[in-house]
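*Asks:* Sequence:
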Amino acid sequence: RNLMFTASKYADGPFSIRYSKNRGSKKIEQEPFEFIPVGKGRKVKAGAKVALLTLGYAGILASKAIEELEKEHLFPGHFDMRFLKPLDESLLAEAFAEYEHIITIEDGTIKGGLGDAVLEFKEKHHLLNPITILGVPDEFIPHGSREKLFEIGGYGTESISSNVKMMFSKGEY
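Residue numbering for the sequence shown is -11 to 161, as defined by the numbering used here.
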């Protein structure tokens, strides 16, 4: 909703939005519009050791996974990147500086998506943090409910939780 508002005010070039087919809540629909600075993400939640970088609807999946992980005393950080292009490099630099492992999560294709952009950033800046990329794999995905497709693709709440738990259980930290 706020990205649509921002796009209507943006005059510096094309603006593309990939949005969910889900309907927002009535509460959100009644809030005033907010202009979002183009190319700027936001830190949703501070945490430790693992940063979840999300784009779009994947942020909701990550938030649900974080709620469950916190019950097990695992506290990953969460960054909503908001934009793929331009990518918020200052927010990425913060995530790489504060967290040992980065997980990107997107409700879109892995190839050419957020994960690839974060890998390019890592290489450009000679960073060593391990990265796990979750999103739609480059293969045929069968028909199913959205939740089923998230799990088939490996980026649903259960998959996010398993990846975070695996990092902690391996004793990497």
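Hints are computed from structural coordinates only; laboratory data are not their basis.
Every value quoted in this text rests on a predicted model; they were computed, and no experiment measured them.
Be careful, since some hints might not be right.
What the hints assert, rightly or not - Only pairs whose alpha carbons sit at most 30 Å apart, straight line, appear in this in silico DSBU-like list of lysine-lysine:
1) 99 to 158
2) 73 to 158
3) 52 to 33
4) 158 to 52
What the hints assert, rightly or not - Taking CB as the label site, the calculated pair distances span:
5) -11 to 33: 17 to 27 Å
6) 112 to 61: 17 to 27 Å
7) 150 to 22: 32 to 42 Å
Built from N, CA and C at the ideal position, the CB exists for glycine as well.
*Asks:* Each of the hints needs a verdict: does it hold here or not?
*Replies:* Going through the hints against the structure:
no., hint, in the structure
1, 99 to 158, "27 Å, holds"
2, 73 to 158, "34 Å, violated"
3, 52 to 33, "12 Å, holds"
4, 158 to 52, "23 Å, holds"
5, -11 to 33: 17 to 27 Å, "21 Å, holds"
6, 112 to 61: 17 to 27 Å, "35 Å, violated"
7, 150 to 22: 32 to 42 Å, "34 Å, holds"
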